[in-house]
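K.L.:
Given next are the chains, with one letter for each unit.
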Amino acid sequence: VSCSEVQELLGAFALDALDAEEQAEVRAHLATCNLHDEVAELAGAASVLAFAASAETPSAQLRERLLAGLEPAARPAEVQEAPPFLVVPRQSRRLDWAPYALAAAFALISLGLLVWNVALLSGNGDSDTRVVLLTGTGGSGAVVFDGDDATLELAGMDALDAASDYQAWLIEDGVPVPVGVLQVSAAGEATQSLGASLPANAVVAVTIEPAGGSAQPTSAPILSGEL
Amino acid sequence: LAETAAAATDYERIADSLRARDHSAMADLYDALSERAFGLAFRILGDRASAEDAIQDAFLTVWRQAEQVDGARGKLVSYVLTIVHHRAIDIARRRQGLNARLLSVDPQDLHLVDDESAALISDADAAKLRMFLADLPDEQRTVIELAYFEGLSYSEVARRLNLPPGTVKSRMRLGLARLRKIIAEVGYP
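Chains A and B supply the protein sequences, listed in that same order.
Going by our numbering, the letters in the first sequence line up with residues 1 to 227, in that order.
Going by our numbering, the letters in the second sequence line up with residues 228 to 416, in that order.
Isolated chain B (complex conformation):
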């Protein structure tokens, strides 16, 4: 259901309505993204109550920051999911007694997301994306997953895997570059 729901959603209109403080826009945004957001938070946190807390907090943040939302293709989806990701990671790290790391979602950083990836996100086919990830060499996928799903910094990943930090840095970069290349080659939709 949610695997393809994103394709039919008019995010430009939702972004405009959010900026106009229209409550129904929030309902539309929630309906379009809640399953995706909840899946992400649940994968990180492993329990439903914490995952719901994370996404409730994230959607309220989007509402409070509505003037910053960008409805351009994929950007709003990316913004919402980045906030969900950061909230979930902070809850997970606190639970493990680690310091909070991902404090802010800087909308400027989201402008960094290239248009092709953003377009891909708005039309995303999750099954295909998982297949792309599976195509990465194990050592690259492992460092990327530890950073993304456990919220570890590259130096924490290096300690966890007993690798030099420089190796972890370069695996992250090469892995993402490779993922990006796979995405570009296969293309969407």
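Next comes chain A alone, as it looks inside the complex:
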């Protein structure tokens, strides 16, 4: 999408009323272009809409149920052994499982959307668009090239504890350069611009690092791919 198309889409973007691929394109454009200051005000106005509904009181049991179901956040190493949903007390009621089933469904749908998005991009005959899939053990990822601009897109990423962050790297001739600490959404998705004109044969990798990221990787990549 062009800069002027992005400008026209800002209202729909602020309202989350774009289709997934348009939303990703607008988000990627906003990350690299500072001509759209208006988006902050539109997003502010959109966030205020939550107050247009009248407040209502939920049942007292909901509070009890919610607080009883809290568990400490899983550390990455614990995720394999004891996913948090297995240790939630499930004695109480009807829909205890619902949030976890939803979360699992969201992760699956996210993966599907990523692949679909990638397939759309690959299959549209636009020679300026190229996709490199990453391989590894944590989540799924791809580097999407739009002309020279490259964006790392991840889905199905596990939530990390407060002491850890996912970090992206560009490895050229065996030398890793930090690209960014990734902000993973509640649905386990993350997007990171890799900039323009990446060196050919470079490797893009994702590692788990102490919170805030490291100057050099301190663990093996959970995802990587050669461009």
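Mixed in with the good hints there might be a few duds.
Output of the computed footprint for chain A on chain B, the stretches with three or more beta carbons under 8 Å from beta carbons of chain A [unchecked claim]:
(1) 237-243
(2) 263-270
(3) 309-320
These aren't lab readings, by the way, just hints derived from the structure by calculation.
Ideal Cβ placement from N, Cα and C applies to all residues, glycine included.
Mind docking chain B on chain A? Use the hints.
P.N.:
Okay, now just chain B, sitting in the frame of chain A:
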């Protein structure tokens, strides 16, 4: 009650405690926002059981993602209500046989919310906000409400109203810009 409760809540402290995995912070957050969150989910879903499922799921998501919460004025409220909104819309769309749309709440998107609106949210007077919405021209309010409360994309809104997609896009943008202007002019508190 909940119309003004938000003003007295120290969200910075709650955010700090959430990051420290303090269960009582979750109780405080729930007490400050549950009526607002439930009202929003109920408006979207129309039944109490589904609305409770949506907010339970949303608060658990906040707990799981606590390291991402930002306690700055209005940001935590905005984050929680955005998650509630997305969960409710997904449940509503699935119920109607539509594909899920609002999959993620990207905390980075919330950084887009300008400080003035965020401050407004933390002190929000819901009745006044509804009045602002009522001040919008009907055609702008309609497309905004279909997107926000029914979770329709702009192209779905265009089909529903039999309008060109470009018209819907521009009404959304103009409507939000106007709403923002009304908010800025009236000011808070």
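K.L.:
Checking C-beta pairs, does the segment 263-270 of chain B have three or more residues closer than 8 Å to chain A?
P.N.:
With 6 residues closer than 8 Å to chain A, the segment 263-270 of chain B meets the three-residue bar; holds.
K.L.:
Are three or more residues of the segment 237-243 of chain B within 8 Å, CB to CB, of chain A?
P.N.:
Violated: only 0 residues of the segment 237-243 of chain B have a Cβ under 8 Å from chain A.
K.L.:
So is the segment 309-320 of chain B in contact with chain A by the C-beta rule, three or more residues under 8 Å, or is the coverage claim wrong?
P.N.:
holds (count 7)
Comparing the model with each earlier hint shows a violation of hint 1 alone; every other hint is respected.
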